[in-house]
Amino acid sequence: MGTPRVLWSITKKCFTVGVITLTVSDLFASIVPVRGASMSPTFNPKTNSLLDSLSDDRVLVEKLCLRNYKFSHGDVIVFSSPNNHKEKHVKRIVGLPGDWVGTIYDVVHIPEGHCWVEGDNTASSLDSRSFGPVPLGLVKGRVTHVLWPPHRVGTVDRKTSQNRVSSSSSASKF
Amino acid sequence: MRQWRIIAKEAMTRASIIGKFLCLLHVTDAYVLSSNHVLGPSMLPTLNITGDVVLVEHLSHRLGKLGSGDLVLVRSPLDPKKTLTKRIVAMEGDKVTFSLDSTRSHNSRSLVVPKGHVWIQGDNLYVSRDSRHFGPLPYGLIEGKVFMRVWPPSSFGLWGE
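Protein sequence lines, in the order shown, are assigned to chains A and B.
full-length UniProt numbering numbers the first residue of the first sequence as 1 and each following residue consecutively.
full-length UniProt numbering numbers the first residue of the second sequence as 1 and each following residue consecutively.
Be aware that a few hints might be false.
[What the hints assert, rightly or not] Selected chain A positions facing chain B (Cβ under 7 Å, derived; list incomplete): (1) Val-19; (2) Leu-22; (3) Leu-54.
[As the list claims (entries may be wrong)] Here are the simulated lysine-lysine pairs, DSS-like style, with alpha carbons at most 27 Å apart: (4) B/Lys-9 to A/Lys-88; (5) A/Lys-159 to B/Lys-81; (6) A/Lys-86 to B/Lys-9; (7) A/Lys-12 to A/Lys-70.
[To be verified] Part of the chain A face toward chain B, derived, beta carbon under 7 Å: (8) Asn-84; (9) Pro-135; (10) Leu-138.
Because the hints were derived from the structure by calculation, they are not lab data.
Quick caveat, the model's predicted, so the values are computed rather than measured.
Glycine included, every Cβ here is placed at the ideal spot set by N, Cα and C.
Using the sequences and the accompanying hints, generate a full structural model.
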């Protein structure tokens, strides 16, 4: 009898849930799948176990770091690709503004407001070594935990490589 | 005892209404329409130096409907906490000719805007810090398109092109 009313109330509930989910995923945290092997073995290590080869890793991305854009060396971040704003990449921060990062050919200075990102799997990773420093404004969140597959659930730790990066903050200790 | 339960239930209902409203406000602000206070001399004479309040829509850049000549709100590539208001002068693939020192034209440079980037400039070339200084801007830093000014009331209105 009240089919339009039922339909309308379902629509209203869906809309409300959608708006709340969008707000939470924009401002607090969201769960994203990681595609590709550029962050192996941290994500998608592609071992021979069944669960690993069935599906991609799912990670928790927190958005609270976007309030004041304070990152540390070794943070894993999600950012929009500078060459294609519709693609998102997951890589680790190797250099922060003001650092000097050593690549194979030369030493690059990271300008203000940018960062240098590299994948953990240096052999097959498209990162700052190809497209240069990434503006921090393109960062969409920081990866804190692995949520799937169950046997690798845990926090994502910071990993730094001191021998390749000379940062302005460490120089001031002398 | 029962009174506390009734009060708690009413408080929860009120809080959930406020929470839903705040979520709707965030979604509208980020995905549909928002207002921004812009100030500074870099967009004279289009925008006033003392500050204007403009309406920014967040749909065009998601649908890819931006073009050269549009006024856009972008996140600064030099400081992610700041937003800039500039004009798109060239889209990806276009050739841009510019000179850092506008008073002399004989040291001009040309380049092609790379894929996924745009070239932005302030209307007041003498004081604006824009793509002529920090290079092409990645499209992902664009936050919205400025389409209307609501304050001061004397310059209320849309921009034609």
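Need the list of violated hint numbers for this structure, in ascending order. 3, 4, 6 and 7
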